[in-house]
Amino acid sequence: MSKSEYIIQVKNIVKTYNGRKVLNDISFALKRGELLAILGPPGSGKTTLLKIIAGLIKQDVGDIIIDGRIVNDLPPYERGVSLVFETLALYPNMSVYENIASPLIAEKKDKEYIDKRVGEIAKLLKIEHILDRKADKLSGGERQRVAIARALAKEAEIYLLDEPLSNLDAKIRYALRTEFKKLKSILGKTIILATSDPIDALALGDNVILLFNGAIIQEGRPSDVYYAPRNISIARYLTGNVLNEVSISIDSYGKSVSVDAGQEFSIDPYFLKVLREVSETSITLASYADACIIDKSIESCSGIKIAGEFIGYEYRGSEYLIYARKNGRIFRSLRTNLPNVTFGEKVDVCIPHTNALLFSSKTGDLIR
Amino acid sequence: MVSIKLVNISKTFGSVEALKNVNLEIRDGELFAILGPSGCGKTTLLRIIAGLEKPTKGRVYFDDIDVTNIPAEIRDVSMVFQFYALYPTTVFNNIALPLKSKGYSKADIEKRVKEIAELVGIDKALKLHVDKLNVADKQKVALARAMAKEPRVYLFDEPLTILDPVTRVIMRSELKKLQQKLKQTIIYVTHDQIEALTLADRIAVMNFGVVEQVGTSWDVYNLPDTTFVGWFLGEPGMNFIEVTVDEDDLSIKIGSKKIFSDPSLGKKLLDLGLDKALLGFRAENVALVREVSATYNSNNIAIDGVIKVIEFFGTHYVVNVETEGSEFKVKLSVSEFNKLMLSENDRVKALIKVDKVCFFNLNNNRRVL
Amino acid sequence: MKRNQYTRPLILYRVRKLLKFALLIAILIVYLIPIYGMFSLAFKPRAEIYSGLFELTRITLENFEEAYRYGAYSAITNSIIVTVGGVAIALVLAILASYAFSRFAIKGKNILMFYILSTRMMPPITLIIPIFIMFFNIGLKGTYLGLILVYAMMSIPLSIWMIKSFIDDIPKDIDQAALIDGHSTMFILFKIIIPMVIPGIAASAAFAAIMLWNEFLFALLLSGVDTKPTSVLLSSIRGERGFNWGRVAAIEVIYILPIIVLVFWLQKYMLRGLTFGTVRR
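Protein chains in written order, with the numbering used here: chain A, 1 to 368; chain B, 1001 to 1369; chain C, 2001 to 2281.
Any given hint might turn out to be false.
Said to hold, decoys possible - Computed, partial: chain A to chain B, Cβ under 10 Å:
(1) S139
(2) Y288
(3) A289
(4) A307
(5) F310
(6) G317
(7) Y323
(8) F343
The hints are simulated quantities; they were obtained by calculation from the structure and are not laboratory data. These numbers were taken from a predicted model, which means no experiment stands behind them. A virtual CB, placed ideally from N, CA and C, is assigned to each residue, including glycine.
Construct the complete structure from the given sequences, taking the supplied hints into account.
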């Protein structure tokens, strides 16, 4: 049997629960050795999709093809996939060793082989020192590693990881993320990773699929998705709902441009041009925190300038994230130092048009 | 308002040593953060200050009075927890309860509850049942209830982690404003280093029951006392590479590769009795260039390496560089990264300004330079 | 000790604590008095039984010897046999049933479960006649097996409900992870699920044991001369000239001892069983 170009193909998967379409016509394909990140809010269908690929849930319509074979009717064990659950699902009364050895015991491998393999994997994941400990006596980071070790112990074509980093301290999450990526290169495995954290998806994925409400709304490389989000809801999701946004609309005279229908002031003619080009009467301008400037007063701003109030900041050691508010909208700016302002004082917010994203206010789709 | 002193506090649970010889001094009116990873003992420490736990060894002093054996109800502290723990009744009743048990008159209670509610920003919601509030407001009610008691000190156990980022930032500012106005002593426990850096006047960084360093945000970030503090603060944490001092020309080397030829650093290390040390530097203080062969001026430590992992974070990139068996991370802005057009397995040279590095003793992980 | 702002509140606190403690001691005494009385009677010599319930000047074992002659020790042995037998069979069946109810989609599951529970809602006395006739005809009257079977039947419903709720608490992900690993359902049940619900099993065993140990009605009607448990023995203890208090007390002491030991040993599990795992993460 010839090896197909794609290690896994998912074709037109549909799954309905209680009349609600949890997955709507999902299709994608992965090449060997790639890491695909499926990004979406909780409840968008990621876990269902992974379980369908694994064979724990049966799809209503559609095919799963792994290495050229249609596996729709095969039980999980025979599909050549390994799954790490969001809840990790470790066997609490067994030791770490027994947990990792579990798939090998099921395959009836002999003790020598099991010892060797468990040792190898434990070394890779740096958990040799806890092999004897009971699985319910581990820290969060240790449990995560054991769950991954158990998945690796089983020889599989594809590894499915469901929110592998969700319950961890920020520090451990950071370290594990990098380790994942290294592991992937070393082992050459194909991985599908489901997460609701955009940072995980952007940092880890070779490719990213955005799954919202059971439908794929965008796919591509992380930087492509980030810099050209098809819809403003994607940009909002990627920033955890703290996207810098401003609405611009032309008034009835077709001339001056007002912002948020509340304040009117002159805007860079560049935006007027864009508005006319796409024959829209209102667009939303958005930018990420590193493209927005907040300061006590900004003299020249080649973009939109707004007067807001300073509501707080985050000090990250190497930089500051400044927050300002105007009419209920929140703006953030990444800076290397703190401006000399007190809480509640007036500040200027500038969104330059060079790095800004323009979306239609009606549909939310990207214009430029 | 009170100043708190912890002297030689140790706490053992069965065979586990949760706290080992902790000594802390918290000044009157300051916002003091206790920062550390899960399981480091920070919550246990807070509970000992509150009086909910008795230390196995050591004493607790409030304003120089030994309160170690005085139970929590008498110590007059207020705690705000991660999951608000509100009573299932109206907002008003929640705030009024501590006053009722203190025996205030009905009129006094009304006045005081209104005052506090206004201060915290929930005066409009007084008649509502707490179930009807959103998470941020619920946490505000918890705060108001803590304030009603007029305690000597406020103890916060990760109260903002359940809030969304924007509400968190706003609440932090409110808390800071409140603290400055009322001049209350606040002890704030968290595992979020950004929260500690942003809020605290001073931070105690803990690990495995030991206080590794106490200092201001600037101190713990830029001059960490131990490698743990350097690693724990910052995203990503500090990089550490083992280096040696060449005995002939006093240059600094990684393995056999020279990374700094000026003998000034080497001399300082040898004066301290070290011919080996851990070089510590932060990912954002590293510049990358592709011309590996060129040499650079003596202000910089230059390390040659190969790019192993590239991670995209939206507003920046973090690149893992491998060299001579060690690896370190470099933080690059998007424009820097795009200019260099880096990909996996590229060879690069990392430049680090000499005044931005620290050295740590290999044996005890303490900073020496 | 220095007088400071904490002295007064501290004294009030300590006084309140002392009062609460005193109250608890008082309640405890009220509960323990009858039990002490029973123990004292059991160890008192015959002559002193009416002289004062709580004084214990001389300790003797003569009442226990009398109890032995009366047949108390074989009665206790019978109690142990039927209780342990009933609980053991009940647990085996209940564990299998609980797992099935918890994990498999069975048509009419809820109705089935309710039916099982409903068998315990009928007063046992309504079942006595049919069961007696049935068992008599099969030849089980007067045997250990007969009573054990009835006892198992009585214990199964509550055990299923208790053990099932413990199994429900185990996330299905664990079963699924084992399936992906390639394990069989039996392996999952015996090597993974059961070790995780030992507290639930222990609690069921304890509650069932207490119920069966004290059971009287079926024991009376289904046991024979050699197989009668202690509950039946005690019912026949009234003599022509009244009660032999010393002997009665001695039998009672031996009767309650095993149960006290059991509950002491398993109290942690019983408490968890009672709350039925209602509060979770």
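- Query: Which hint numbers doesn't this structure obey?
  - Reply: When the structure is compared with the hints, only number 4 turns out to be violated.
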